[in-house]
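Trainee: Sequence lines, in order, name chains A and B.
Residue numbering for the first sequence follows our numbering, beginning at 1 and increasing consecutively.
Residue numbering for the second sequence follows our numbering, beginning at 1 and increasing consecutively.
Please keep in mind that the hints were generated in silico from the structure rather than gathered at the bench.
One should not assume that every hint holds.
[As the list claims (entries may be wrong)] Pair ranges (Cβ atoms, derived):
{"hint": "1", "chain 1": "B", "residue 1": "Arg136", "chain 2": "A", "residue 2": "Gly356", "range": "48 to 58 Å"}
{"hint": "2", "chain 1": "B", "residue 1": "Ala10", "chain 2": "A", "residue 2": "Glu203", "range": "43 to 53 Å"}
{"hint": "3", "chain 1": "A", "residue 1": "Lys183", "chain 2": "B", "residue 2": "Arg164", "range": "43 to 53 Å"}
{"hint": "4", "chain 1": "A", "residue 1": "Arg341", "chain 2": "B", "residue 2": "Leu167", "range": "42 to 52 Å"}
{"hint": "5", "chain 1": "B", "residue 1": "Ser166", "chain 2": "A", "residue 2": "Glu354", "range": "50 to 60 Å"}
{"hint": "6", "chain 1": "A", "residue 1": "Arg341", "chain 2": "B", "residue 2": "Arg134", "range": "47 to 57 Å"}
[Said to hold, decoys possible] List of simulated lysine-lysine pairs, PhoX-like, C-alpha gap at most 20 Å:
{"hint": "7", "chain 1": "B", "residue 1": "Lys142", "chain 2": "B", "residue 2": "Lys108"}
{"hint": "8", "chain 1": "A", "residue 1": "Lys258", "chain 2": "B", "residue 2": "Lys103"}
{"hint": "9", "chain 1": "A", "residue 1": "Lys272", "chain 2": "A", "residue 2": "Lys365"}
{"hint": "10", "chain 1": "A", "residue 1": "Lys258", "chain 2": "A", "residue 2": "Lys272"}
{"hint": "11", "chain 1": "A", "residue 1": "Lys83", "chain 2": "A", "residue 2": "Lys48"}
{"hint": "12", "chain 1": "A", "residue 1": "Lys343", "chain 2": "B", "residue 2": "Lys180"}
{"hint": "13", "chain 1": "A", "residue 1": "Lys48", "chain 2": "A", "residue 2": "Lys114"}
{"hint": "14", "chain 1": "A", "residue 1": "Lys272", "chain 2": "B", "residue 2": "Lys180"}
{"hint": "15", "chain 1": "B", "residue 1": "Lys142", "chain 2": "B", "residue 2": "Lys42"}
{"hint": "16", "chain 1": "B", "residue 1": "Lys108", "chain 2": "A", "residue 2": "Lys258"}
{"hint": "17", "chain 1": "A", "residue 1": "Lys258", "chain 2": "A", "residue 2": "Lys244"}
{"hint": "18", "chain 1": "A", "residue 1": "Lys183", "chain 2": "A", "residue 2": "Lys150"}
As the structure is a prediction and not an experimental result, all values here were calculated from the model.
Backbone N, C-alpha and C define an ideal beta-carbon position, used for all residues, glycine too.
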Amino acid sequence: MNSAVRLARDLGFSAQCAVADTPAGAQVFAAARPGTILPPGEERDRLKELSLPLLFHLEGLLAWERIAAIESIVTFFMMLGCKTIGDLSRFTVEALQERWGETGALLWKRIHAKDRQVISPLLPTEPLEDYVHLDFPISLASLLLHQIQKSMAFLFARLQGRRLIAQRLSLILHCEYSQAQHKIDIEPATPNRDRSLFLTLIENRLHNLDLENPIRDFEIQIVPSPEKSQQLDFFEPRESDREKAEILISLLSQANLKPGFYRIEPSLLPEKAWCLSTFHERDRANDLLEPSHVEFFRGKDNDATPAVAPTPHYGAHVMRAPRPTRILSVPQPLSFEELERLKILSRNPIERLESGWWAPGGATKRDYYFAVSPEGQCLWIFQDPSTEEYFLHGYFD
Amino acid sequence: MKKLKDFFAAHLREAHQLKTPEGLATGLAALDRFLLWGGLPKGALSLFCGALGSGRTSLWLEAAARVIANGRWVAWVNGAVPLAPLSLYHKGVQLDRFVSIEKPEEPKQIFWLLQELMASSLFELIGCELDGYRLREHQARKLQAQARAAHVALVFLSQQPVPRGSLASVFSLILNFEEKRLLVERALHRPTPHSFPRSIHYARFTLHTGDRIILGSDLAGRTQAEPSPHGAQPLPPPSSAADSRI
Chain A
1 MNSAVRLARD
11 LGFSAQCAVA
21 DTPAGAQVFA
31 AARPGTILPP
41 GEERDRLKEL
51 SLPLLFHLEG
61 LLAWERIAAI
71 ESIVTFFMML
81 GCKTIGDLSR
91 FTVEALQERW
101 GETGALLWKR
111 IHAKDRQVIS
121 PLLPTEPLED
131 YVHLDFPISL
141 ASLLLHQIQK
151 SMAFLFARLQ
161 GRRLIAQRLS
171 LILHCEYSQA
181 QHKIDIEPAT
191 PNRDRSLFLT
201 LIENRLHNLD
211 LENPIRDFEI
221 QIVPSPEKSQ
231 QLDFFEPRES
241 DREKAEILIS
251 LLSQANLKPG
261 FYRIEPSLLP
271 EKAWCLSTFH
281 ERDRANDLLE
291 PSHVEFFRGK
301 DNDATPAVAP
311 TPHYGAHVMR
321 APRPTRILSV
331 PQPLSFEELE
341 RLKILSRNPI
351 ERLESGWWAP
361 GGATKRDYYF
371 AVSPEGQCLW
381 IFQDPSTEEY
391 FLHGYFD
Chain B
1 MKKLKDFFAA
11 HLREAHQLKT
21 PEGLATGLAA
31 LDRFLLWGGL
41 PKGALSLFCG
51 ALGSGRTSLW
61 LEAAARVIAN
71 GRWVAWVNGA
81 VPLAPLSLYH
91 KGVQLDRFVS
101 IEKPEEPKQI
111 FWLLQELMAS
121 SLFELIGCEL
131 DGYRLREHQA
141 RKLQAQARAA
151 HVALVFLSQQ
161 PVPRGSLASV
171 FSLILNFEEK
181 RLLVERALHR
191 PTPHSFPRSI
201 HYARFTLHTG
211 DRIILGSDLA
221 GRTQAEPSPH
231 GAQPLPPPSS
241 AADSRI
């Protein structure tokens with residue numbers, strides 16, 4: 001409890017704390033006697049000792065709808081000579097309801113510790129966004145980063161409290177001398193709660209911004225994602241290889257590079273049979289893959305990871321077919337002169353790929369051959385039987 | 001005799017104290033035996049020169065497969081013609097420790113990218129297809145220092161002719177993939193140039209064209225020292241995937 005209070009104070013809130021049967025009772029005791037811990041079932045009796053003006057704090061998660069009604073109740077009973085909340089507990093619920101309506105009935109319930117407000121982590125009340133109006137306009141990236149850091153501190157504390165991780169962070173910087181604004185979207189390779197990583201990514205983007213028109217206020221919004229529970233080994237290092245890779249991939253992605261891990265795609269065409277994916281996309285793809293498929297493609301020896309396990313569209317024999325180490329993204333047509341220079345190494349095709357008319361992009365038919373160029377390059381070429389045209393598709397480099 | 005022993009005492013080492021520099025085995029027995037490191041040198045720069053389709057990538061992948069099998073990470077920087085992962089799948093490479101980066105739009109980014117990769121202290125082997133990018137000497141020296149500090153084997157694949165002069169001295173190992181032989185142009189502490197004859201083996205085909213090897217497993221025991229001919233030039237590389245021609 002003390003740690004929670006200390007954390008809240010560090011974040012700039014004036015926090016007090018108490019434990020009671022109901023949220024309303026805890027709030028009253030936090031205001032009257034901070035640090036109180038009431039044994040279960042004793043709230044009703046202990047409330048009787050408190051003074052009447054403390055009724056303003058008897059709210060809990062649901063505030064009084066009309067504070068004026070509470071003011072009139074307190075004034076009325078003090079005129080009658082009542083000084084403590086215990087004096088009110090002698091009145092029946094019907095009597096209070098008759099005079100003050102729903103507010104009276106709710107007051108009776110709270111005095112008798114019967115207003116059990118549900119505290120659910122599924123119903124967070126604080127938004128995962130922040131708006132900051134700066135006291136003075138800022139045109140230095142380092143100063144601006146310092147202000148952003150403060151906001152991120154409690155936004156990430158909220159994430160931690162709700163067991164969420166940040167999938168994307170949007171930062172909107174509003175300029176001082178016009179309606180201009182800069183929008184920065186930070187989306188790391190994998191959702192995480194690493195505040196230093198987000199700050200580094202923001203810092204890199206800020207340095208590329210022209211802040212000649214200084215920033216007057218900014219907004220931060222976090223798009224959360226549920227945390228994936230992970231059982232860490234006792235001896236596992238704090239920063240694993242995976243975390244290092246995630247940080248690296250995030251940095252490279254921000255520099256407009258395209259890093260990732262290869263993932264096999266369900267396509268008959270070799271140039272479309274893989275893609276680069278991040279950890280997050282890979283994990284998601286593995287989650288979608290049915291266990292039977294994973295088992296089928298892993299085989300008995302469990303020698304393939306789910307990341308490379310193809311989907312059932314791809315037959316195992318196709319997976320074992322020879323493939324060059326380098327494949328052109330778009331097959332290049334070979335002219336007659338270029339083809340004449342090549343030495344094709346077999347009379348019959350070594351492989352035929354054929355898709356039906358229902359396939360996206362229409363029917364495809366390719367007869368593949370190995371070929372050697374006069375310079376000794378080993379090539380993978382194919383002929384389209386319909387047009388009899390030859391294409392260069394890869395290099396056995 | 002005693003005087004001699006006393007004189008050399010400070011310079012003499014026990015046999016077990018002598019340690020060869022570390023390397024990453026390529027799987028080509030003859031090549032690994034020939035090189036001091038037993039493969040690609042760690043903490044140093046290597047250069048594979050040759051045209052596309054000359055077998056450079058296969059040799060790098062052989063080393064990468066062994067690194068990944070040992071539980072370490074590998075990075076690859078693509079060129080205009082990207083690496084095909086299905087060939088890795090055939091080699092049984094676990095792709096979850098294989099980070100691949102598409103060819104940077106700005107060639108200058110390659111230098112920054114390689115520095116970031118090495119600074120991450122995640123990788124043991126990094127491969128980079130240079131395409132037409134010419135690495136400057138000061139950049140190469142900086143990368144050399146960083147590779148030494150991070151203990152990374154950094155391998156460049158180039159379609160340009162073998163560099164000469166001071167730039168060549170930055171590389172601890174330079175291999176030239178010629179049509180009929182694999183030529184070791186430079187290898188520290190070894191007599192170079194040194195060549196290996198080649199023949200082609202792939203899948204179920206054995207091609208006795210007298211040309212060269214793609215996956216040369218039969219290099220063992222067939223080596224010979226030859227002078228380095230520099231007359232023959234490989235075909236110009238494709239400037240982009242769309243311009244690729246043989």
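Trainee: For every hint, state whether the structure bears it out.
Mentor: Outcome of the hint check:
{"no.": "1", "hint": "B:Arg136 with A:Gly356: 48 to 58 Å", "result": "holds (53 Å)"}
{"no.": "2", "hint": "B:Ala10 with A:Glu203: 43 to 53 Å", "result": "holds (52 Å)"}
{"no.": "3", "hint": "A:Lys183 with B:Arg164: 43 to 53 Å", "result": "holds (50 Å)"}
{"no.": "4", "hint": "A:Arg341 with B:Leu167: 42 to 52 Å", "result": "violated (33 Å)"}
{"no.": "5", "hint": "B:Ser166 with A:Glu354: 50 to 60 Å", "result": "holds (55 Å)"}
{"no.": "6", "hint": "A:Arg341 with B:Arg134: 47 to 57 Å", "result": "violated (28 Å)"}
{"no.": "7", "hint": "B:Lys142 with B:Lys108", "result": "holds (15 Å)"}
{"no.": "8", "hint": "A:Lys258 with B:Lys103", "result": "holds (8 Å)"}
{"no.": "9", "hint": "A:Lys272 with A:Lys365", "result": "holds (15 Å)"}
{"no.": "10", "hint": "A:Lys258 with A:Lys272", "result": "holds (17 Å)"}
{"no.": "11", "hint": "A:Lys83 with A:Lys48", "result": "holds (10 Å)"}
{"no.": "12", "hint": "A:Lys343 with B:Lys180", "result": "holds (16 Å)"}
{"no.": "13", "hint": "A:Lys48 with A:Lys114", "result": "holds (14 Å)"}
{"no.": "14", "hint": "A:Lys272 with B:Lys180", "result": "violated (33 Å)"}
{"no.": "15", "hint": "B:Lys142 with B:Lys42", "result": "holds (16 Å)"}
{"no.": "16", "hint": "B:Lys108 with A:Lys258", "result": "holds (15 Å)"}
{"no.": "17", "hint": "A:Lys258 with A:Lys244", "result": "holds (17 Å)"}
{"no.": "18", "hint": "A:Lys183 with A:Lys150", "result": "holds (19 Å)"}
In the structure shown, a violation is registered for the earlier hints numbered 4, 6 and 14, in ascending order.
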